[in-house]
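Student: Protein chains in written order, with numbering that gives the first Met the number 0: chain A, 0 to 340; chain B, 0 to 308; chain C, 0 to 257.
By construction, these hints were calculated from the structure, which means they are not laboratory data. A few of these clues could be false.
[Claimed, not checked] One side of the interface only, derived from the structure: several residues of chain B facing chain A at Cβ under 7 Å:
# : residue
1 : Leu141
2 : Ile244
3 : Thr278
[To be verified] If you only want the chain B side, here are some residues facing chain A, beta carbon under 7 Å, derived:
#  : residue
4  : Leu101
5  : Ala106
6  : Tyr110
7  : Thr114
8  : Leu165
9  : Leu282
10 : Leu289
11 : Ile294
[Stated by the list, open to error] Here are the computed lysine-lysine pairs in the BS3-like style, where the Cα-Cα straight-line distance is at most 30 Å:
#  : chain 1 : residue 1 : chain 2 : residue 2
12 : C       : Lys24     : C       : Lys64
13 : B       : Lys295    : C       : Lys149
14 : C       : Lys70     : B       : Lys104
15 : B       : Lys104    : B       : Lys157
16 : C       : Lys239    : C       : Lys149
17 : C       : Lys24     : C       : Lys239
18 : A       : Lys297    : B       : Lys104
19 : C       : Lys240    : C       : Lys24
20 : C       : Lys70     : C       : Lys24
C-beta atoms are modelled at their ideal positions from N, C-alpha and C, and glycine is treated no differently.
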Amino acid sequence: MGRFTSLILYGFFCVVVVAAAQGRWVNPYILQIAMFVGINVILSASLNLVNGYMGEFSVGHAGFMAVGAYVTSVLNVWLFSTTKVFGPAVLDPSTAVYLFPATLLLGGIGAALAGLLVAIPSFRTRGDYLAIITLAVNYIVKSSIENMQVIGGARGFMGMSGIVNAMHEAVNLPWILIWVLVCVGFTVWVIHRFVNSTYGKGIVAIRDDEIAAEIMSVNTPRMKMIAFMLSSGLAGVAGGLFAHILGYINPGTFTIMKSTEVLVMVYLGGMGSLSGSVLSAVSLTLVLEFFRPLQVAKWVVVPLLLILLMLFRPEGIMGHREFTDIFPRLRRLFSPKGKEE
Amino acid sequence: MLQSFMQNFLNALQWGSFYALIALGYSLVYGVLLLINFAHGDIFMVGAYIAFFLATFLLGQYAFAFPFALPPLMVFGITVVLTMALTACVGVAIERVAYRPLRRKGASRLYVVITALMCGLILENGNLLFLGANRRSFPELLPGTVYSIGGMNVSNVKIVVIIATLLVFVLLETIVRKTKLGMAMRAISYDRMAVPLMGIPLDTVIVFTFVLGSSLAALAGVLFAIAYPVLEPYMGALVGWKAFIAAVIGGIGEIRGAFLGGFLLGFVEIFVAAYFPSTLRDLIAFSILLIFLSIKPTGIFGIARATKI
Amino acid sequence: MALLEISHMTLFFGGLRAVYNFNMKLGGGELVGLIGPNGAGKTTVFNMVCGFYRPTEGEVVFRGKRIIGLKPHEVTSLGMARTFQSIRLWNSLTVFENLCISQHYRLGYGLWDAVWRTGRYRENERRVRNTAEELLEILGLRHYAMEYPKNLPYGLQRRVEIGRALSIRPSLLLLDEPAAGMNPGEIEELIELIRWIRSEFQLTIWLIEHHMRVVMNVCEWIKVLDFGETIAEGSPHEVKKNPRVIHAYLGEEEPAHA
């Protein structure tokens, strides 16, 4: 065991999940829930970077998700399928399976660029005023999409199921599930390494005392830009995957409600706790799914539960801590020298 | 041209009045607690519903009816006062049950914000759960009269809304400047640490703030229901977010700011809708907001606190 | 070449004249003090020098480079570090991490290296850690490396803050009231520490202080500020006797009563 323990364990987990999907041991409904869990893990972990580690209050995460979802979907549909709007497929649909990661990445890059809309004002604005800016960006993204008739406007955009089928036909594997698993791993890994490097801890210094950070040689505008772009980029990747799970997206999905959901996951897990974010994303998604039969009452019961939880643990499930802080033995398992690197 | 401009101007004043009244609640609570009370938009909705039940009750539309019929104007008066009182109770109850325990435990203020969001969800969906999804139409309390002044249509509702808002402004300014509790509110927003040490009862001030904010939201709710007599559980959500934005544009924590911000947002929305396709309304309104906040990050009246190092 | 040269530095806050016509020249290796009554503009001078405020007029040249208009982190990376009047450590990071992050300007790697843990990352991270460890060792803070600053006694927090400033490897160290809030024992240690730092690291120290015991024992040269203007300068002995200084402080009494 050593530094690769977590990677090996996660790889093993992925293989089991993919095998379960491929062998049809679990029904498609459960599989879909599993994929939504993955999406929510990416969203909450990436928002935690900004809201938890950097201490800003971004309330428009769904906006970036929307950018990623639309960029990836539109690219895929334009490249690999024949539609009325975009004409014949540019590339052979069977190549979709290879190029999907590229379009996913482009979606992420698009969302990261949208993140600049928030990052640049953040140089001068902090706290609640910046929160409004993120809110405004969320609305701007949503209503821009609603006004773009080419990509369906308010009616939404579809055709992604065709892409998924094409990928499936080319190589018979549950591709979207695989990419969700890969992206979840990638997100957690990137954020973990970033916030555990002296470089990334610069954003924690900004949270604790921005003036001291700036005077102690941390290039605060650059660090903010990196944090915002990384966070929104990862949200964009989540959006791209989300679009391909559903096969259909519409701007109404990416409202403040969705942002709020992610926000709750972050604070429920604990600000600045990556494992907390993962844990709360998984549990909240499952709880919401579990209460689905209650219909409307679900949205009364779940908030009530959350309020109670906050009353008992006013710093979130994990607070600032990580799993390895609570179970120090794990640390010995996961890193070579017995101490966190 | 001028006529349609004036007509829009009047509509904007009315529309802005609603935003202003709700924005006040955000601003007052923020000034005292630094809390973005995201449940506030739903308090507005609760106000409208309470008004609905009171008004229909007073008009004798239930099994129980008064032996004498009350004149509509009197019903209006009683409804307004009772709604404000009852909604204030709801606001204070939320404060006591959800926010205060968290504050006592020294939770980060963002956790209180999340709790506020949850309370909003509970109000919205609780309403949906218990009252059903059917929309309710509000009884006509003020007999609709439309005056025609210089080719403009001015309804009496509009006049009532605008005048009520202006009255609230004057009243609030007086409360905040002349009464002891009002001065305590200002003192808290100036120095959070010192005020409890000076023997000012913090909790009383906080309750007073919630009473003020919630009753103003209730007033907005009644007036809104009279002007647009269709009620549904989610009516407060979007209006609430936008009123919050109005409060921020004005400079959150400032009474003048909330008013000005509310009217400004009303004007932007009405005029954008008047001269552009209505689908562009949100896009343009929020882009203006984004640009405005990038230039003046603390809102119109907000003062950047000088950072001392 | 002078290390730091300030000429005619002036700052207005609206109509208020905070600092007026401030001049200063440090050749290198000095230990100078800046004193004056409360509100005289001492910290404002520091804030302008480190790039936090932009002077209304005047010129600041540090190691041959004009630094007006540079951002604070850029000024710091030229080799100027400071501490703060009220301690501003990063409280959710350990003492050790505090001393690492302040080396941000010479980390020598970026996001890519941090994520992939490249050779460059490992090499630079090791260097940063070594620097921090060394400093903790020589400042006698090794025992507290994994503590959070807010849990340490006041005197130690000051020491950590000085350590954090030193981790920048400055050629000029600005100390803003390092003895504020310290008890007499801690002050004695501080005086020792400041002297020792200067000789050990061969740097120039410029400090603001109210405790006359520190000022008179440590500084070789003192500048006195009142209402933003320089009213006196000279050796501690001279300044102590200067009637304008005495007047500015107390009206009639001696400034040194500590």
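Student: Look at each hint and say if it fits the structure.
Tutor: Comparing the hints with the structure gives:
Because the smallest distance between the Cβ of Leu141 of chain B and any Cβ of chain A comes to about 33 Å, over 7 Å, the interface hint for this residue is violated. Because the closest C-beta pair between Ile244 of chain B and chain A is about 6 Å apart, less than 7 Å, the hint holds. The beta carbon of Thr278 of chain B comes within 6 Å of a beta carbon in chain A, closer than 7 Å, and the hint placing it at the interface holds. Hint status for Leu101 of chain B relative to chain A: holds, with the closest Cβ pair at about 6 Å, below 7 Å.
The criterion of a C-beta within 7 Å of any C-beta in chain A is met by Ala106 of chain B, whose closest approach is roughly 3 Å, and the hint holds. Checking Tyr110 of chain B against chain A by beta carbon gives a least distance of about 6 Å; that is within 7 Å, so the hint holds. Contact between Thr114 of chain B and chain A, as hinted, is supported at the beta carbon level, the nearest pair being about 5 Å apart and thus within 7 Å. Because the smallest distance between the Cβ of Leu165 of chain B and any Cβ of chain A comes to about 26 Å, over 7 Å, the interface hint for this residue is violated.
With a cut of 7 Å, the hint placing Leu282 of chain B at the interface with chain A holds, because the nearest CB-to-CB distance is about 4 Å. Checking Leu289 of chain B against chain A: minimum C-beta separation of about 5 Å stays under 7 Å; hint holds. Residue-level restraint check for Ile294 of chain B is violated (minimum Cβ-Cβ distance to chain A is 10 Å; threshold 7 Å). Distance check on the hinted pair: Lys24 of chain C and Lys64 of chain C sit about 14 Å apart at the alpha-carbon level, within 30 Å; holds.
Proposed proximity of Lys295 of chain B and Lys149 of chain C is contradicted: the alpha carbons are some 35 Å apart, above 30 Å. For the given pair, Lys70 of chain C sits about 39 Å from Lys104 of chain B by alpha-carbon distance, which is inconsistent with the 30 Å threshold. This hinted pair does not check out: Lys104 of chain B and Lys157 of chain B have alpha carbons roughly 46 Å apart, beyond 30 Å. Straight-line distance between C-alpha atoms of Lys239 of chain C and Lys149 of chain C comes to about 37 Å, which puts the hinted pair past the 30 Å bound.
Taking the CA atoms of Lys24 of chain C and Lys239 of chain C, the gap is near 21 Å; set against the 30 Å cutoff, the hint holds. With a C-alpha separation of about 28 Å, the suggested pairing of Lys297 of chain A with Lys104 of chain B holds against the 30 Å cut-off. Our distance criterion of 30 Å between C-alpha atoms is met by Lys240 of chain C and Lys24 of chain C, whose separation comes to about 23 Å. Of the pairs offered as hints, the one joining Lys70 of chain C and Lys24 of chain C holds, with about 22 Å between alpha carbons and a cut-off of 30 Å not exceeded.
In the structure shown, a violation is registered for the earlier hints numbered 1, 8, 11, 13, 14, 15 and 16, in ascending order.
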